[in-house]
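Could you build all of it, start to finish, from the sequences and the hints given here?
Protein chains in written order, with our numbering: chain A, 32 to 300; chain B, 32 to 411; chain C, 26 to 345.
No lab work stands behind these hints, which were simulated from the structure alone.
It should be emphasised that the depicted structure is a prediction, and the values quoted were computed from it without experimental measurement.
Do not rely on the hints blindly, as some may be mistaken.
Unchecked claim - Far from chain B, some chain C residues (derived; all Cβ distances over 10 Å):
1) 102
2) 112
3) 114
4) 136
5) 143
6) 155
7) 171
8) 193
9) 211
10) 240
11) 242
12) 247
13) 257
14) 262
15) 319
To be verified - With a Cα cut of at most 30 Å, we get these calculated DSBU-like pairs of lysine-lysine:
16) B:228 <-> B:216
17) A:261 <-> C:333
18) B:335 <-> B:351
19) B:62 <-> C:235
20) C:235 <-> B:151
21) B:178 <-> C:333
22) B:157 <-> B:228
23) B:203 <-> B:62
24) A:65 <-> A:76
25) A:259 <-> A:76
26) B:78 <-> B:172
27) A:261 <-> C:87
28) B:62 <-> B:109
29) B:216 <-> B:172
30) B:178 <-> B:151
31) B:51 <-> B:203
32) C:235 <-> B:178
33) B:178 <-> B:157
Unchecked claim - Distance windows between CB atoms, simulated:
34) B:156 <-> C:114: 53 to 59 Å
35) C:116 <-> A:291: 53 to 59 Å
36) C:136 <-> B:62: 46 to 52 Å
C-beta: ideal position from N, C-alpha, C; glycine also.
Listed below are the residues making up each chain.
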Amino acid sequence: MRRGWFLPTMAILGFVFLYAPIISLVVFSFNESKLVTVWSGFSTKWYGELFADPQMLGAAWLSLRIAAVSATIALVLGTLCAIALVRFRRFRGRTVLSGMVSAPLVMPDVITGLSLLLLFVGMESILGWPAGRGMLTIILAHSTFCMAYVCVVVQSRLADFDMSLEEAAMDLGATPARVFFDITLPIIAPALVSGWLLGFTLSLDDLVIASFVSGPGSSTLPMVIFSKVKLGVSPDVNALATIIIGIVALGVFAATIFQLRSRPKKARA
Amino acid sequence: MAKKPQIAADTRPWRDPSAKPFVRISNVTKKFGDVYAVADVSLDIYKGELFCLLGGSGSGKSTLLRMLAGFEEPTSGKIEIDGQDMTGVAPYNRPVNMMFQSYALFPHMNVEQNIAYGLKRDHLPKAEIADRVAELLSLVKLQDYGKRRPDQLSGGQRQRVALARSLAKRPKLLLLDEPLGALDKKLREETQFELVKIQETLGVTFIVVTHDQEEAMSLATRIGVMNYGEIAMIGEPTDIYEFPNSKFVAGFIGSVNMVEGVVTEDEADHVRIRSAELGCDIFVGHGVDCAPNQILWWAIRPEKIALSRERPEGDANVTKGLVEDIGYLGDMSVYQILLDSGKRLRVTQTNTVRGNPDAITWDEPVFCTWHNDAGSVLTV
Amino acid sequence: MSSFDIDNPAPPRRRPWTGIERAFAAVGLSGRALVIAAPAIWLTVFFLVPLAVVFGISLATKQFGKPPYSDLLTTEDGTVQLTLHLSNYVRLFTDSLYVAAYLNSIKIAFISTIFALLIGFPMAYFIARSSDRWRNILLMLVILPFWTSFLLRVYALTGFMRGNGVINQILGVFHIPPLVMMQTDFAVYVGIVYTYLPFMILPLFTNLVKLDGALLEASADLGGRPMRTFFSITLPLSMPGVIAGSMLVFIPAIGEFVIPSLLGGPETLMIGRVLWDEFFTNTNWPRAAAVAIAMLVVVVVPIMLLQKAQDAVQDTARAK
Chain A
32 MRRGWFLPTM AILGFVFLYA PIISLVVFSF NESKLVTVWS GFSTKWYGEL FADPQMLGAA
92 WLSLRIAAVS ATIALVLGTL CAIALVRFRR FRGRTVLSGM VSAPLVMPDV ITGLSLLLLF
152 VGMESILGWP AGRGMLTIIL AHSTFCMAYV CVVVQSRLAD FDMSLEEAAM DLGATPARVF
212 FDITLPIIAP ALVSGWLLGF TLSLDDLVIA SFVSGPGSST LPMVIFSKVK LGVSPDVNAL
272 ATIIIGIVAL GVFAATIFQL RSRPKKARA
Chain B
32 MAKKPQIAAD TRPWRDPSAK PFVRISNVTK KFGDVYAVAD VSLDIYKGEL FCLLGGSGSG
92 KSTLLRMLAG FEEPTSGKIE IDGQDMTGVA PYNRPVNMMF QSYALFPHMN VEQNIAYGLK
152 RDHLPKAEIA DRVAELLSLV KLQDYGKRRP DQLSGGQRQR VALARSLAKR PKLLLLDEPL
212 GALDKKLREE TQFELVKIQE TLGVTFIVVT HDQEEAMSLA TRIGVMNYGE IAMIGEPTDI
272 YEFPNSKFVA GFIGSVNMVE GVVTEDEADH VRIRSAELGC DIFVGHGVDC APNQILWWAI
332 RPEKIALSRE RPEGDANVTK GLVEDIGYLG DMSVYQILLD SGKRLRVTQT NTVRGNPDAI
392 TWDEPVFCTW HNDAGSVLTV
Chain C
26 MSSFDIDNPA PPRRRPWTGI ERAFAAVGLS GRALVIAAPA IWLTVFFLVP LAVVFGISLA
86 TKQFGKPPYS DLLTTEDGTV QLTLHLSNYV RLFTDSLYVA AYLNSIKIAF ISTIFALLIG
146 FPMAYFIARS SDRWRNILLM LVILPFWTSF LLRVYALTGF MRGNGVINQI LGVFHIPPLV
206 MMQTDFAVYV GIVYTYLPFM ILPLFTNLVK LDGALLEASA DLGGRPMRTF FSITLPLSMP
266 GVIAGSMLVF IPAIGEFVIP SLLGGPETLM IGRVLWDEFF TNTNWPRAAA VAIAMLVVVV
326 VPIMLLQKAQ DAVQDTARAK
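The structure is reproduced here in structure tokens:
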């Protein structure tokens, strides 16, 4: 069919809109001047400053640990939930479970954060656990909303799963648990990897929920960035952003290549 | 070329040099990148025809159809429909409609809305649209299904809705892309006849794309066989089957025995060809455009060969072989005869006698023979 | 299990999970029950109960102390008394600050969603219609910002729109006086559209890529001009994608906190920000809880719409 000019133009403008701010942010991270928006020569001094800032580094380390643990908990729970929803077609409370796991996806962060904080405060006064707020409470909160994302990702993979593979394994004498570890798990592994990565990223990214459920001395990286940014521009945040964008771009790029490589086999099936 | 039977009073327009074609495709070429999908095709199609474009996948038949519909523009060449040049005319302005291979029924509209879609684009009055839709529904025998959605219909019903929708605007020319392709065998045979009946009743010109030779043979007034973007042969079904113009056409339609030979006698009223493969001389009872010592091919259909235990008379058109295999199909049997040269011939014999105890059987030596005009001499 | 015999040849090789499976079976727990129970219990404790707690506390009043709200249940002279305060909710409806914040949030979320749709639809359609190779690259470009930090993307916008930011510098080259963009509602719109655009594009793309090109050709063949084909065929068939994408922008935009507080001005009232201030600045936990409950009521309908649209998107995806 004939191609108009409208769609390509709109698409190009759209991508410019998406990328121009990011690119300018990266460019200005190499700026000499403290004025983030006036170019005065190439420099990497803000990277040096970033790595010399103990508060920033501490927050980053804390955030990384929280993200790793939360993503792992979310991976286990989210996968179980996906299996329950896709495989056990009918059980009591299926609708409730399905609603509970997908609601955090769209729940405004402020509500999630507030509700979990109130829960933790209540639990502490009644059960004495969790004592105070900090890393533990952030992990509990992040695991909960990350598992929703893991569940969605794994669910869609499981829905495409060819059941006859499992039936074949069972026919050859494997018990259900063995079928799961020998057949199901390897096949859904890509979904598990992307589910974990998604959870990791979301946890690393979260500001609002963490602000509610964190305690003194447990400021995560986004909290530190937020307080810095609120005060005005700071070039070391540009440097940090550039590093994060670089890592993510590499990761997404690698994942896309990997996917494209494995595509032909899948397309034939 | 072989002699064709002549019919006294001929009403077929393609045999009348003064007839005006309804669709004229002149030197049309379509390139996708460096690939020629359609290469220099010229084709005239006459009013009221049911023309089949027959070819394998990638032969360019669908591209040609899509150029007629206006979804693709020819790289070069010209398409005229009813005397009008179609160059640069958008699909929505062409006097043609198309029935899609996938049917392309709009899933969010019911059967009536699907059929009415084209009529609404012409801004017909509501009452007239309703009348036309009812008329079409009864034409395709779906009167009670008007309010159904496409996903509530069977494959055969969907096919009929697609047909009704494409006929709704009373196009002068209807393009059908593998119209029966998605149906199972039994339904396909029934629908074939319905399609022809509808075409005859409405007098619309049909161009059908198909890869199914049986479908083409039973539907078409004429067939255009396509290969690698070119038209290999245009002709009536009997021409295509009995008088193929090339090895490709002979091999593409039906089954055929083909042997190589060399011309030993080249006269105005006959030709003699020596074939080592066949182990005998071939006597052809009409003149052929060839030269002595020319190497050429001779093709014969399995049903044109007769089998016998005793040697028939004559020094040509007889060869000897051994029955290697018999496939019994009920109405007929297929014999595989191994010749001395190692070449195998495929011969079919109609089973006219019930439970014939005297039938030729496995491992018998037999003679194969055929009539002077039974085979086609092919030079390309 | 102890000896070999002909009926039971090679015993199954032991794997760790064989033991685990047996251990669970011994306690009388089937794998199935466990698979359901683990996430169900977790979600009950960390999702359902907290919402109940919020609702409970929204019915309390602020008081000084720890925790900073009144108990709903008090024991007085041995009898348990339940005290419910509706004052927080009454305030929400009577105090113009809250009403304005709610209405403004809805307005900002709605307008941003419309713009995200207007920008996202052509992009999604373009990506869906491009060749396989380009499609993957373009999709990657859409997803990439989605994986980078949300906060940092908002921050990137501040560098772009501030008084001496990139846009104004470019305008300066053409001798156009600088625009005031930061600390305005406009900046908030831009921020929401910018950060949530991938959420709009992805469901639209999933939907549009399944759109059968033959349907568009059929429409053209039957006399539908491009615009007519778009409104009669493309748009109705992509409705599930439009709704899903719109809700994925609208719902979080309603409760957005980061964008209005970094890009908006002091007068940019949004409900997420009000809740935050109520909680952190005024330490009025019951009032914050009531704001949250009221916000939930606002997003319930969009959430249900989203659920329906997503089922529809998945159905069409599966049908192919």
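Against the structure, the hints:
For residue 102 of chain C, the requirement that its beta carbon stay farther than 10 Å from each beta carbon of chain B is met, with the minimum near 68 Å. The beta carbon of residue 112 of chain C is kept farther than 10 Å from every beta carbon of chain B, the shortest such distance being approximately 50 Å. Every CB of chain B is more than 10 Å from the CB of residue 114 of chain C (nearest about 43 Å), matching its label as outside the interface. The Cβ of residue 136 of chain C lies farther than 10 Å from every Cβ of chain B, with a closest approach of about 29 Å, so its non-interface assignment holds.
In this structure residue 143 of chain C is separated from chain B by more than 10 Å, as the shortest Cβ-Cβ distance comes to about 23 Å. No beta-carbon of chain B comes within 10 Å of the beta-carbon of residue 155 of chain C; the shortest separation is about 16 Å. Its beta-carbon lying about 30 Å from the closest one in chain B, residue 171 of chain C satisfies the requirement of being farther than 10 Å from that chain. For residue 193 of chain C, the non-interface assignment is confirmed: its Cβ lies about 45 Å from the closest Cβ of chain B, beyond the 10 Å cut-off.
Every C-beta of chain B lies more than 10 Å from that of residue 211 of chain C, the closest at about 37 Å, which supports listing it as non-interface. For residue 240 of chain C, the non-interface assignment is contradicted: its Cβ lies about 5 Å from the closest Cβ of chain B, within the 10 Å cut-off. Not every Cβ of chain B is farther than 10 Å from the Cβ of residue 242 of chain C; the closest lies at roughly 5 Å, contradicting the non-interface assignment. The beta carbon of residue 247 of chain C is not kept farther than 10 Å from every beta carbon of chain B, the shortest such distance being approximately 3 Å.
Not every C-beta of chain B lies more than 10 Å from that of residue 257 of chain C, the closest at about 7 Å, which undercuts listing it as non-interface. Chain B draws residue 262 of chain C into its interface by the beta-carbon criterion, the shortest separation being 6 Å against a cut-off of 10 Å. Residue placement check: residue 319 of chain C keeps its beta carbon more than 10 Å from all beta carbons of chain B (closest about 37 Å). About 19 Å separates the Cα atoms of residue 228 of chain B and residue 216 of chain B, which keeps this hinted pair within 30 Å; it holds.
Distance check on the hinted pair: residue 261 of chain A and residue 333 of chain C sit about 39 Å apart at the alpha-carbon level, beyond 30 Å; violated. Distance check on the hinted pair: residue 335 of chain B and residue 351 of chain B sit about 16 Å apart at the alpha-carbon level, within 30 Å; holds. As the CA atoms of residue 62 of chain B and residue 235 of chain C are separated by approximately 27 Å, the hinted pair is consistent with the 30 Å bound. The suggested pairing of residue 235 of chain C with residue 151 of chain B holds, with an alpha-carbon distance near 26 Å, which does not exceed 30 Å.
Between the alpha carbons of residue 178 of chain B and residue 333 of chain C the distance comes to roughly 24 Å, so the proposed pair stays at or under 30 Å and holds. Proximity of residue 157 of chain B to residue 228 of chain B is assessed by CA-CA distance (about 29 Å); at most 30 Å being required, the pair is judged to hold. Simply put, residue 203 of chain B and residue 62 of chain B have alpha-carbon atoms about 28 Å apart, close enough for the 30 Å limit, and the pair holds. Pair hint residue 65 of chain A plus residue 76 of chain A holds up; C-alpha atoms about 10 Å apart against a cutoff of 30 Å.
For the hint pairing residue 259 of chain A with residue 76 of chain A, the CA-to-CA distance comes to about 18 Å; that is within 30 Å, so the pair holds. Restraint check for residue 78 of chain B and residue 172 of chain B: the C-alpha separation of about 26 Å stays at or below 30 Å, so the hint holds. For the hint pairing residue 261 of chain A with residue 87 of chain C, the CA-to-CA distance comes to about 29 Å; that is within 30 Å, so the pair holds. Of the supplied pair hints, the one linking residue 62 of chain B and residue 109 of chain B holds, its CA atoms being roughly 14 Å apart against a limit of 30 Å.
At roughly 20 Å between alpha-carbon atoms, residue 216 of chain B and residue 172 of chain B fall within 30 Å of each other, so this suggested pair holds. Straight-line distance between C-alpha atoms of residue 178 of chain B and residue 151 of chain B comes to about 17 Å, which keeps the hinted pair within the 30 Å bound. Between residue 51 of chain B and residue 203 of chain B, the direct Cα distance comes to roughly 15 Å. Compliance with the 30 Å bound is thereby established for this hinted pair. Among the hinted pairs, residue 235 of chain C with residue 178 of chain B is consistent with the structure: their alpha-carbon atoms are about 25 Å apart, no more than 30 Å.
Between residue 178 of chain B and residue 157 of chain B the CA atoms are separated by roughly 17 Å; this keeps the pair inside 30 Å, and the hint holds. Restraint check, residue 156 of chain B to residue 114 of chain C: a C-beta distance of roughly 58 Å satisfies the suggested window 53 to 59 Å. Taking 53 to 59 Å as the suggested C-beta distance range, the pair residue 116 of chain C and residue 291 of chain A conforms, at roughly 56 Å. Between residue 136 of chain C and residue 62 of chain B the beta carbons are some 48 Å apart, a value that agrees with the proposed interval 46 to 52 Å.
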